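Model the full assembly from the supplied sequences, consistent with the hints where possible.
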Amino acid sequence: MTTLTPVLSRDWDADRSWTMPVYLGNGGYLGLRKALTMKPEEVLTAVKDSALRGRGGAGFPTGVKWSFLPTPDGGPRYLVVNADESEPGTCKDIPLMMASPQHLIEGIVITSYAIGCHHAFIYLRGEVVHVYRRLLEAAAEARKSGYLGSNILGSGFDLELTVHAGAGAYICGEETALLDSLEGRRGQPRLKPPFPAVAGLYARPTVVNNVESVASVPSIVRGGADWFKEMGTERSTGYGLFSLSGHVTRPGQYEAPLGITLRELLDMAGGIREGHQLKFWTPGGSSTPILTAEHLDVPLDYESVAQAGSMLGTRALQIFDETVSVVRVAARWLEFYKHESCGKCVPCREGTYWLVQVLKRLEAGQGQPGDIELLDELCGNIFGKAFCALGDGAVSPVVSGIKYFREEFEAGLHTPADEMFPPERSALFAYTPRPRSGADLAGAH
Amino acid sequence: MTIATPPSAGAPLVPSAPEPAPVVPAATVDLTIDGMPITVPKGTLVVRAAEQLGIAIPRFCDHPLLAPVAACRQCLVEVWAPGRDGNLAKMPKPQPSCAIECAPGMQVRTQRTSQEADDAQQGVMELLLINHPLDCPICDKGGECPLQNQAMSNGRTTSRFVDTKRKFPKPVNVSTQILLDRERCVLCQRCTRFSREIAGDAFIDLQMRGARQQVGAFDTQVLDFDGDAPVGKAAADASGRPFASYFSGNAVQICPVGALTSAAYRFRSRPFDLVSTPSVAEHDAMGSAIRVDHRRGTVLRRLAGDDPQVNQEWVTDKDRFAYRWQTADDRITTPMVRRDGELVPVSWVEALQTAAEGLRAAMKAGSVGVLPGGRLTLEDAYAYAKFARVVLGTNDIDHRSRPASEEETAFLGHHVAGRTLEVTFADLVAAPHVALVGLEPEEEGGVLYLRLREKVLAGDLSVTTVAAMASPGAQRLEATLVPAAPGTEAEVLDGVVAGSRGSELAGLAERLSAPGAVILVGERLSAVPGGLSAALRLAQRTGARLAWVPRRAGERGAVEAGTLPTLLPGGRPVADAAARAEVAAAWGVERLPGAAGLPTEQILANAWGGAIGALVVGGVEVGDLPDPKRARTALDAVGFLVSLEVRRSEVTDRAHVVLPVAPPMEKPGTFVTWEGRPRPFPQVLTTTQIADHRVLDRLATTMGSQLGLGTLTAVHDELGRLGGWSGARSAAPAVPASAPVDVPARHAVLATWHLLLDAGRGQDGEPFLAGTVRRTSARVSAATASDLGLTDGGAATVRTARGSLTVPVQVVDMADHVIWLPTNASDCRVRESLAAVPGDVVEVTPEAQEVQA
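Residue numbers (my numbering), protein chains in the order written: chain Y, 11 to 455; chain F, 21 to 873.
Calculated directly from the structure, the hints in this document are not laboratory data.
Keep in mind it's a predicted model, so treat the numbers as computed, not measured.
Think about it this way: if two alpha-carbon atoms lie no more than 25 Å apart in a straight line, the pair counts; the simulated SDA-like pairs of lysine to any residue are:
| hint | chain 1 | residue 1 | chain 2 | residue 2 |
| --- | --- | --- | --- | --- |
| 1 | Y | K202 | F | L85 |
| 2 | Y | K202 | F | E121 |
| 3 | F | K110 | Y | G319 |
| 4 | Y | K370 | F | F181 |
| 5 | Y | K413 | F | F181 |
| 6 | Y | K239 | Y | A68 |
| 7 | F | K649 | F | Q622 |
| 8 | F | K475 | Y | A209 |
| 9 | F | K62 | Y | P204 |
| 10 | F | K110 | Y | G394 |
| 11 | F | K113 | Y | A318 |
| 12 | F | K110 | Y | A318 |
| 13 | Y | K202 | F | E474 |
| 14 | F | K475 | Y | A213 |
| 15 | Y | K202 | F | E71 |
| 16 | F | K185 | Y | Q378 |
| 17 | Y | K202 | F | Q115 |
| 18 | Y | K413 | F | E136 |
| 19 | F | K185 | Y | E387 |
| 20 | F | K62 | Y | A213 |
| 21 | F | K62 | Y | F205 |
| 22 | F | K475 | Y | Y212 |
| 23 | F | K187 | Y | E345 |
| 24 | F | K187 | Y | Q367 |
DEER-style ranges, computed between Cβ atoms:
| hint | chain 1 | residue 1 | chain 2 | residue 2 | range |
| --- | --- | --- | --- | --- | --- |
| 25 | Y | R416 | F | T52 | 35 to 45 Å |
| 26 | Y | S155 | F | K185 | 53 to 63 Å |
| 27 | Y | V208 | F | R232 | 26 to 36 Å |
| 28 | F | T52 | Y | V208 | 25 to 35 Å |
| 29 | Y | E244 | F | K185 | 44 to 54 Å |
Each residue gets a CB set at the ideal place from its N, CA and C atoms; glycine is no exception.
If you want it as structure tokens, here you go:
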């Protein structure tokens, strides 16, 4: 039986957990103090040895990413933290930054020290204004305590931190689009090569890391690579935040070693809501193909989930019980991808536009013969053809939905999804349609 | 005395540019495409390598002169490449061939050999078409549309899309000339990339995202405009929009669908009804290659031609859209003779007789002056040069209908004439530094600006401009401004000495000393005493090469043809007896007049005074002359006036005999570019009109002389026989820089130059183009404005003894005590109203103030 390993979430239950005294009281910034006694290369080696893999979804080894930076030429190098958490279902970075922002800031200082960066950026999703305020406050606190600014803790190392709020575009979570947006341009992905490690922000060598990846660095420095590797599996080391949402009794963040199974997590979360059974779930947000009850015992590490035909992604476990229509869920997600497609390439821009229309008519029970084959082919025409990974992610719900629940899509040729799966059965609260007056619509999304 | 005619095997008068040497790549790469081996230079894109093998990979966003974006995904191919272990491995996803560089050992499989590539292309094409209106039958692009063609060759025969298409109101007027149909747009970004990468003006860019993504006109609320933002009201164009580009027509041409259209051509014709003729643009001295499309004798559009050595694939909007002047209502179609004060149509025979008699009478009484104008072909200019010397026996010939000087005449004879292709576009793009003096590349030769900007953006070239202000064009060239009030350029150039106190000038001297550096001087420098002399001195001092960039298409050819008072063809000095003898022998005459002739202003003065009894005038616009009113008096006063013109003009209104001549589209000929590169062009339209050289040939015959220039071949044969001049060149001008003028209170020094689009008659008949003209403003610095009591957005009255102009004021960053005006805007005709040239001191008062006595 796997147990929880709270590291990042250790202080979350403390009173005013986000403040500096709470963080320091639990060993905060000891990692930085230790790192500053090491050579930057030693810090890099420690992270490399820990085999920490990027927590933003792709799982690329963080230390290796850092080592791609060319040798210093005297010019600036940048660390950019990707805090543009916008994937449907993904909700780990924002709670982390809300509850314990100093974890991130300490990670930023150590990472900057390791890669020789003197100006780091946090690119935050624009909608989360409360997190923006908290980060600004935390950065000011860290500066006051001497963890940011010039000559940090007397080491001679300088670091400026800029917290930047985006304007609310999913595509800006793609690292090169993020860089364009940070530079003040239209957020659209860049042609690679050159990769950010060579020419990133302002055409300078840049490391772009996810919030959780960077926040994990202090614990690695403090506890050592071996301590980190004790957790998780051989190739997916360490701990991670597992975000359970949907039809579970106790949804929330569960920080556990990689390789834990959904069955174990569900046990901790009190199981599926009473009187219902698991129907399908996403292992890592809406871009990862859905899995079903037969995958309850798949270890949640990068390799095993890939073997099961999906991706570990951001460990955003969205749980759906038997009351939910797969067609409706796929249609909602595709509406999101259509809305968020940046428009740069044809397959994603036009493909999502078309997919939504086909899915909507299937959901309405007005599908036409051949629609399912059309969906399959369209997804094939988008997958692997789009400019960035967003296009690939967009077709996952459709492809995997058809794979496991083809009969529901076929039913879309004659029966509306609302009849087969009345929405009020899925809802946790009674469905009470409100009068659609102008005043109500004003605040509606 | 007999001098043997030079052998015709020698270099012709204006030799053609040699073919550029093939570039030997530093490294090559071997790969196979569809199993066919090919070797290409390192860095070649797969799509280009495939082109070399004759494999057409469909594409939309790809353009050879724009950086790859891989946005349209139409060119996906299967790629196998050797991995780190050396084993050939297939790349997991199909790759965009427009963005992938060829690598050693790579194996590319296109749609011809790979099912995966073919499927990918068909899939993308189907998606491209779902939101396309498929209104080909009413679309201008239908018949020459890459989307239509490639949908046929690489698409499905039927669409599975039965859903709702994206709708947009249409069209959007991007400018008065450019219209955007957002429904047809496939968002390949060619136009926006052109705008950013080539033209550099904030014209259009992408807006919104996803399926709502669209190309939009300039909007300060939209991100991503790197170019100069409009400053104040005056930056707006004449149609009231905040911005317009001089190069917007290129975006229409490279649009792979019918999304961007020009108002001038929209709904006018189908491409398959058009007859295309390659030609050369007549609006500037760049010699841009164009393509003229006509249908049943009417020109419907002009497109940029493809000439990598000159204009690449771009032309200015003026070269593209301004062609209706050639078919304007005021075209002269028959010879005319003035009887009882009225011009009446007569036969050619009668007109030529009347002209011959008038000219003969004037020759007997005194002499005849010749003003051919600066817009002629080489052949026509040569005929004028020969006609003046052989038939009229005079050197009083000058093609310059603009401010000019004796110094310039000497400069042209010494440095320009007969020295063709010494500085070319190729030299400019290879230069580390280019200094501009009295020259605005964007306004006075759009293609020059584009060629320089390309290298500036690449980081290979830096530019300095010696001017009163960094104009928007100079700013987009990232030019370093060396501030110089008009008239002080000579002094400034003389100050460019290595190690001199002014670090700015010393730095310029250093940059000009770098091998390959070039100084470009414009025609405006001729009005600055000592300016051209100082430029020569600077070139000598630093080793930089010096080139003269005139504005008009015919100026360089006219210099070569010898239509200057001191120059015979090929740069032969009139003063040189051997030169005269050589030309006389070639022309088969006893001797040529040896006395130096008079320049334009003097010819007009003598015509007024009576010393010159008759004038033969070509394409001269009176308003272009430094003092139009005085010129009119001279033309009114002259005893006999023969005009060779295309359209009714102020000259024909005063002429005794009017002989119609063909405009460029109705004759074959050769323009000579600023480089000295001959740009021959064929006749586009069938016509009854004939070129100037044929008219002059007939006139000479009527007067009893044989010019032997009745056909183009005859002219070319003679130019070939005559060849270049190997004797001594005329002396360099050595005019010292003049002392700076005093600027009294309520006065300023006038700076002025022609804008690309203005009130020129070459742009007549094109209202859509006229809507993109820059709005007129007088520009002054903040200090000057406060001295003169002017306010930004207010109005100023500029006054000389001749007259006054009232224009809105724009305060910009520029030299103090200077006021800038556009030379020939429709509401600001500097020469007409002020009779002033750059460097003149003009009185400036706020508009509300009372007029001073």
